[in-house]
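Chemist: Using the hints provided, position chain B relative to the given structure of chain A.
Chain by chain, the residues:
There are 2 protein chains.
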Amino acid sequence: MSNSSSKDIIKPGLPRGLRDLNNLELKLLKNIISKISKVYESYGFEELSTPAFEFSDALGKFLPDQDRPNAGVFSFQDDDEKWLSLRYDLTAPLARYVGENYDKITKPYKRFQVGSVWRNEKPGPGRFREFLQLDADIVGSDNYLADSELIMLACDCMRTLGLDKNNYSIRVSNRKLLDSILELIANNEQIDDARRLIILRAIDKLDRVGVSGVERLLSNGRKDESGDFTKGAELSKASISKILDFLSIDNEDRKKFISQAGSIVNKTVAGQEALKELSEIDLLLAKLDYKEEVLFDSSIVRGLEYYTGTIFEANLQFDSSNDNKFPVIGSIGGGGRYDRLISRFRKDQIGATGFSIGVSRLATILQMAEFQLGEPSNGPVLILKMDTEFDYSYYQIAKELRDEGILAEVYVGSSGMKAQMKYADKKNSPVVIIEGTDEREKGIVTIKNLIKGKEISTSIDSRESWIKNSDIQFEVDRDKLVSKISKLLNSSN
Amino acid sequence: MSNSSSKDIIKPGLPRGLRDLNNLELKLLKNIISKISKVYESYGFEELSTPAFEFSDALGKFLPDQDRPNAGVFSFQDDDEKWLSLRYDLTAPLARYVGENYDKITKPYKRFQVGSVWRNEKPGPGRFREFLQLDADIVGSDNYLADSELIMLACDCMRTLGLDKNNYSIRVSNRKLLDSILELIANNEQIDDARRLIILRAIDKLDRVGVSGVERLLSNGRKDESGDFTKGAELSKASISKILDFLSIDNEDRKKFISQAGSIVNKTVAGQEALKELSEIDLLLAKLDYKEEVLFDSSIVRGLEYYTGTIFEANLQFDSSNDNKFPVIGSIGGGGRYDRLISRFRKDQIGATGFSIGVSRLATILQMAEFQLGEPSNGPVLILKMDTEFDYSYYQIAKELRDEGILAEVYVGSSGMKAQMKYADKKNSPVVIIEGTDEREKGIVTIKNLIKGKEISTSIDSRESWIKNSDIQFEVDRDKLVSKISKLLNSSN
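These protein sequence lines map, in sequence, to chains A and B.
Note that the numbering used here has the first sequence beginning at 535, numbered continuously upward.
Note that the numbering used here has the second sequence beginning at 535, numbered continuously upward.
The shape of chain A in the complex, shown without the other chains:
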């Protein structure tokens, strides 16, 4: 393996579900991360970074996506023979961090974290084994304000990206609503852990399989389009009807939702608590201009393992930007209250609530929707490498441009002018600068305006007039070069 003189050629390639990200993809991701991080910070969240891997037993295995029962983590042993796992989310490391530093941290502890997470599971279109998350959590508060704040934060994150209220919604529910429904049907039948899982999974599938699909999943099971059969919960008609009533609650109007949900769940303590918590959130948000974008929705389930109270999801929806496309729709994150997770490390129970954005997924959806985030930017000005003797002079020009905040590079290859011009084109250079022997003798440089060149080459068809056009190629005194380029670039924005 370490023998670099071996003549064996290795076929280069990546494992499935992993990918490289280029310049433009990274610019979008970094733009999203920067804007959202600023919102998190503006709310008083402090950034934390934890290692990519930790002790496997400290991370546990609380994979939040309940529709991936076989989801796994990447694990390995180090020289100490301890089992380590790559983090599969940012919440498990937070729980460990809080457990370890509880006495030191300022409570309520508001932290945000951005980082890659890894899942050892089957990748598919748009589903990767490495992706970025951006989380905000509040630990050490049982107050409804903490949950409300995260919902407002979710809205503000969408707003800071420039999204319109028609393009996103935050759909909120409460895990105690589901507990209440399960409690109500448990009067008629035995609900063990396995059956509970099947029921919650069925409810979660409402938006994909519709009411009739959920009905089948709650009774004898359902065959999907690919022919795969999903086993049903085999509930009684009465129980199924109760769940379908619950799922038909009006989710367009929060007040109506509370009233309709009340008529179903107010016989249970869990139901009463859920309604009280939802009412508090509604009241606060209504007064603070978070209105039609925040909906209550009885089909929200979220992760099966650890949520205990408020739960919510952030969804995007764009109309198709051309006729051949379906609307672009997708969930880009969510969260909720998880009061039991940190108690793995402590005897007492610590209230916690969080919000996680799937940044990679968000970027993919924005790209699919052709949503522009920020201005596209120029590549670097290219200074052609003409005579080796004057290499220093090309670097001098580059330096003067950089000092003005202009990206600039000298061609460092060994090819001729034609290849250099092609390089400028590929790197999206706005301008090429030529300082050959003739130019040096005259104390000038030649400038080629590639932006203008592209404009004109698409508007006039004679190659001759292209070349003659003095807007495209012209000379300028060497000492006026930088100010001329500055002007050119400013006018092209």
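A portion of the hints provided could be inaccurate.
If chains are identical, the list can't say which one is meant, so a pair holds when it fits in one copy or spans any two.
Unchecked claim - 25 Å max Cα-Cα, derived DSS-like pairs, lysine-lysine:
id, residue 1, residue 2
1, Lys545, Lys790
2, Lys595, Lys616
3, Lys561, Lys572
4, Lys641, Lys572
5, Lys739, Lys790
6, Lys564, Lys776
7, Lys956, Lys561
8, Lys801, Lys776
9, Lys595, Lys982
Keep in mind the hints are simulated off the structure, nothing from the lab.
Modeler: Okay, now just chain B, sitting in the frame of chain A:
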């Protein structure tokens, strides 16, 4: 493992050599990364991101730090039973990327990448198993300009951090100089791979063990302070003397270095090539104001496996900021030409040269040297939570402040005023805002200026006068609140 209701309490903690990074540590790292990335971009480097792990055989095992012969990588198998490894540097993934995308990329390909790398080796003080690197590489150029550009880039990275020329140096050599010396002594003795390794390691240790230490490592071996014995190369006196002559070359003056080195190595082709390449670099840099900060140094070795031409290291040096300290010294990165690495994936040889900054190490050294990078910043303004009925009003205040770019948060816990004031203090809040029932009736809010409070509490000793001081606590009309806070925060900067 997935049973969250288990009563077993897990002891929270991290594997050795891994660490969490808090808000302040991250601010420093992000500041460094942002400044250096901007320099890389300004030179026309484009960002690339590769996955955290890849096929083990694609990454190979070219650990660059030659003094860690037992260095290892973290490896594991996925569900496909393929062996995967966490990246141990950013160059191996680049080689794979170039091998995979050679026909698509713009050549010369100038890419930069920032990311964590992982080493499965024994951690120690300041030596972690996860750390950040920030690399710039030029692939597809054999031109001396590519090497020269990276050396200038290294200088500019140090300059952009605000470092003085006295605080850093870039020490340059050429692998062919070492090849030449090895060729010269091979006239007298057998130099196999193992012996070559011992000799190069001995040379690399000059700054730690001194001339006499190197002499011992080249002859019978050396016992260090801890009593550990390092086997020597067992060279003849003539060979040792040749190497020591080489190491005594003047490294204060680049022209003198070339002349003195010439007298030793100009009998070999490798030596002649090295001198030509160093001369070209010297000539260009001298004309471009990269003078005393760039030194030639015959003791530079760098990674053993793959460098083929120019090699260099970036070093920092700070005087002790108080009398009890030694000067803070350290290498924070380096690089060089590695023309053979990409040929693992291709039949032809692709010229490549790169520069890697150890960002984590750089941050540690700057912290040790108490070097300030940017202004320390305030925490968020805290709006106290007084009456639940008026929670919306506290969020309204927070929103108005945020809209002016001021960090602001509402206390989301359930504790009383005393705990809330303590919270403000811990979060470094500049200002606390109180809107109780009295204030609401009067249409005012109370402001506590915590910055002023801290100043005065250290300058006057009467607690009474602290409280009375109208600069510290005062009332303001609700509608003038935001402009008042803006003024306060601007004047405190």
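Chemist: Each hint: holds or not?
Modeler: Going down the list of hints, with the structure as the test:
{"no.": "1", "hint": "Lys545 - Lys790", "result": "neither (61 Å within a copy, 46 Å between copies)"}
{"no.": "2", "hint": "Lys595 - Lys616", "result": "both (17 Å within a copy, 23 Å between copies)"}
{"no.": "3", "hint": "Lys561 - Lys572", "result": "both (16 Å within a copy, 13 Å between copies)"}
{"no.": "4", "hint": "Lys641 - Lys572", "result": "within (21 Å within a copy, 36 Å between copies)"}
{"no.": "5", "hint": "Lys739 - Lys790", "result": "within (23 Å within a copy, 76 Å between copies)"}
{"no.": "6", "hint": "Lys564 - Lys776", "result": "neither (46 Å within a copy, 53 Å between copies)"}
{"no.": "7", "hint": "Lys956 - Lys561", "result": "within (23 Å within a copy, 40 Å between copies)"}
{"no.": "8", "hint": "Lys801 - Lys776", "result": "within (13 Å within a copy, 93 Å between copies)"}
{"no.": "9", "hint": "Lys595 - Lys982", "result": "neither (59 Å within a copy, 46 Å between copies)"}
Of the numbered hints given earlier, the model fails hints 1, 6, 9; all others are met.
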